[in-house]
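Taken in sequence, the protein lines are chains B and Y.
Take the first sequence: its position 400, counting from 1, is numbered 400 in my numbering, and each next residue is one higher.
Take the second sequence: its position 354, counting from 1, is numbered 354 in my numbering, and each next residue is one higher.
I should point out that these hints are in silico values taken from the structure, not numbers from a laboratory.
Note that the coordinates shown come from a computational prediction; the quantities given were computed from them, not determined experimentally.
All clues given are correct.
Treat identical chains as interchangeable: a pair holds within one or across any two.
Below, in silico cross-link-like pairs of lysine-lysine (DSS-like), each with a Cα-Cα straight-line distance of 27 angstroms or less:
id, residue 1, residue 2
1, Lys32, Lys208
2, Lys94, Lys5
3, Lys208, Lys31
4, Lys263, Lys168
5, Lys115, Lys40
There are 2 protein chains.
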Amino acid sequence: MIKYKNVNIGLIGCGTVGVGVVKLLRKGISKKYGININLKKIADINKKVEKFKGIEYARNAEEVINDPEIEIIVELIGGYEPALTYILRSLEKKKHIVTANKAVLSEFAPIIFKKAKQKNMSIGFEASVCGSIPIINILLESIPTNIKSIIGIVNGSTNYILTKMREKDYKDALKEAQDKGFAERDPSFDINGLDSTQKLAILFLISKGVYIKSTQIYTEGITIITKRDLEYAEELGYTIKLLAIANFSRIPELRVHPTLVPKTHLLSSIEYEDNAVYITGEATGPQMYTGKGAGMLPTANAVISDIINIVRGKSYDIPEFKNKTIKIKNHRDYKLEYYFRFLALDKPGVLAKISNILGIYNISIASVIQKEKGRYVPIVMMTHKSLEGNVYKAIKKIEKLDCIKGRANLIRVLDI
Amino acid sequence: MIKYKNVNIGLIGCGTVGVGVVKLLRKGISKKYGININLKKIADINKKVEKFKGIEYARNAEEVINDPEIEIIVELIGGYEPALTYILRSLEKKKHIVTANKAVLSEFAPIIFKKAKQKNMSIGFEASVCGSIPIINILLESIPTNIKSIIGIVNGSTNYILTKMREKDYKDALKEAQDKGFAERDPSFDINGLDSTQKLAILFLISKGVYIKSTQIYTEGITIITKRDLEYAEELGYTIKLLAIANFSRIPELRVHPTLVPKTHLLSSIEYEDNAVYITGEATGPQMYTGKGAGMLPTANAVISDIINIVRGKSYDIPEFKNKTIKIKNHRDYKLEYYFRFLALDKPGVLAKISNILGIYNISIASVIQKEKGRYVPIVMMTHKSLEGNVYKAIKKIEKLDCIKGRANLIRVLDI
Chain B
1 MIKYKNVNIG LIGCGTVGVG VVKLLRKGIS KKYGININLK KIADINKKVE KFKGIEYARN
61 AEEVINDPEI EIIVELIGGY EPALTYILRS LEKKKHIVTA NKAVLSEFAP IIFKKAKQKN
121 MSIGFEASVC GSIPIINILL ESIPTNIKSI IGIVNGSTNY ILTKMREKDY KDALKEAQDK
181 GFAERDPSFD INGLDSTQKL AILFLISKGV YIKSTQIYTE GITIITKRDL EYAEELGYTI
241 KLLAIANFSR IPELRVHPTL VPKTHLLSSI EYEDNAVYIT GEATGPQMYT GKGAGMLPTA
301 NAVISDIINI VRGKSYDIPE FKNKTIKIKN HRDYKLEYYF RFLALDKPGV LAKISNILGI
361 YNISIASVIQ KEKGRYVPIV MMTHKSLEGN VYKAIKKIEK LDCIKGRANL IRVLDI
Chain Y
1 MIKYKNVNIG LIGCGTVGVG VVKLLRKGIS KKYGININLK KIADINKKVE KFKGIEYARN
61 AEEVINDPEI EIIVELIGGY EPALTYILRS LEKKKHIVTA NKAVLSEFAP IIFKKAKQKN
121 MSIGFEASVC GSIPIINILL ESIPTNIKSI IGIVNGSTNY ILTKMREKDY KDALKEAQDK
181 GFAERDPSFD INGLDSTQKL AILFLISKGV YIKSTQIYTE GITIITKRDL EYAEELGYTI
241 KLLAIANFSR IPELRVHPTL VPKTHLLSSI EYEDNAVYIT GEATGPQMYT GKGAGMLPTA
301 NAVISDIINI VRGKSYDIPE FKNKTIKIKN HRDYKLEYYF RFLALDKPGV LAKISNILGI
361 YNISIASVIQ KEKGRYVPIV MMTHKSLEGN VYKAIKKIEK LDCIKGRANL IRVLDI
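Bound-form chain B, shown alone (with noise of 0.2 angstroms):
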């Protein structure tokens, strides 16, 4: 016989996630693990939302942390506050805190889980970083040794548009991202790169025990891509992703960029909404843990089981934080191999003006295409790997150059 351990849980946000785990829970999938997952009090700001028969509807979000029965608040209302003042709350009175809320937790890490050790308290957060795929649980748990390197595909909408690129335009690729719900109708947070540097701040603390806040991370949105280099880089034989890099090295590099991708490489085969994430560590070698990044089961899955594993006892142990601030490396410091895009003059001579300011700043061309027609044509060049700042002083003098028009386009070649 097994004896069921019983445990009320609170819901603060009841949007899609949170209905979502309503969902998981009317489905007793806890039982399997001898435990009893209660939803006692649902708190949501909109009082039309859908009612959920046979559970309580709290007048706010006090009202759940004050209960005292209650012993897990889930926090899924997402932002910086109240979120914030609500995870304090909660673990004051001593209740666990499971949160999808990517927002608060990159920045401001530092407070709540000082709070939650000085409460003995859990935090489970697995729903915060790419859905459905667990990666929060194999970096705390699966990866003690050391790694190398992260990269990740942490944004399903951008993944989205930049797969669609390959047979519309930006604009069209955006709006079909949103009418399928894979892109807020303000798109500006993923496009910009932000929600995915939120995400690798998140992965960096976990991996490494050092906080750094999301705005000490190099980033670059996929605004600058067109529907063109991603038909130059198919020619190449590459694909255009954006990703999230931490690259542990003495001064260890954190950006987010749009990256020419290999079509060898595991992470080119991730397309659509799809998030992936690709560890190299240094004793197991690389590898890639992909599936949902986003949407109602996937992230309520990953909710449900930071719920179930508190019940069973399991803390998330984040390695000590250091309480230091660390260098990070300027992205001018980089060492890359990029892919350039110039829109120049079709006459004799100038791809010698263009490769002679190259030489002069020490990067070496591993190949050009052009091949258009017209007055004016685009060259594409990619380089061996070259000094980031030296390119930036090169594209500079090449973009003053009278048979050049308008700005180059710029755009890393994945490394790892």
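We have chain B already, so just place chain Y on it with the hints.
Below, chain Y without anything else, positioned relative to chain B:
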């Protein structure tokens, strides 16, 4: 200040993985978890084994098991006996177990887990399936919701051989795998699919809490596959992989066999000695986990993650064993698409005869390739979904046709 928990462990069997464990422990990797792992004693049957300084070598396994200061026994000898005896005796003496032994687990899981429960001890066996991929932890902790299917490339040797067979014959591919250490001198256990079968039994056990003997799993090895099949598969848009498949329909399908995998499927990109597990969950949707499936350090990483998790108080709570035998689908009841290759006389009417027989058994043809020249030529056919019992009957009849030489080659197509 971190206060270290100290734990004494004993190692039984110090072959490749054991040496990896010693090497990783010497790097002090568990320190960030606040844990000091002290490898107190090693027992190895080979008295000439390379000795590490500062570690005590026991006369035999019993001496390690009987040491009252040792809290965790790491069993790395493999095979059924004496591994089973050592594991049970260790549990009896209230020592936790960490093992990489898929054979003993797939055969004696009910006995081992019952004893562990009785003695309130933990068993870590992350290293027993897919080396560095934390598939045990993921299945036990991260997907509490319903799993619909698990498809794995869980044997590195055969995956290496099949990858190489695109360029060379089976014999040469096997030799290369052996030379590189990816296949055993006697490769029969791998190439006959039995290694995959044992791993599938473990994955099924922890997913569904039901024990099945590995002999209940329908198993075919890779020896029927030829370079020619790989070439035809390529032309048809597929690659061939040895897959371990658990399909959790009402009557579960459990099968290991070479499979045509569409090139659009993520599993098709898993090459050489890599492993991968593709899981489709009701809530999660499809997910894939990939990495090194074997090797000194990747497997040692898994062993050490188990040790750390046990010290941190996490026990692998296997879902309650259901003490019942379950019905598994007979392979003649599979309904799949199939690839056939016949060697047929190159004369008019042959295709009609084959098609007639297929028609009688309700097998409809999706595509045909016949293009080589000679007295006997290969005919390759792909079918729509058909009942395997019928397919077997039809093939038997076709093989008896005067115009057909030898046996037909039959390969199943991935249906998930």
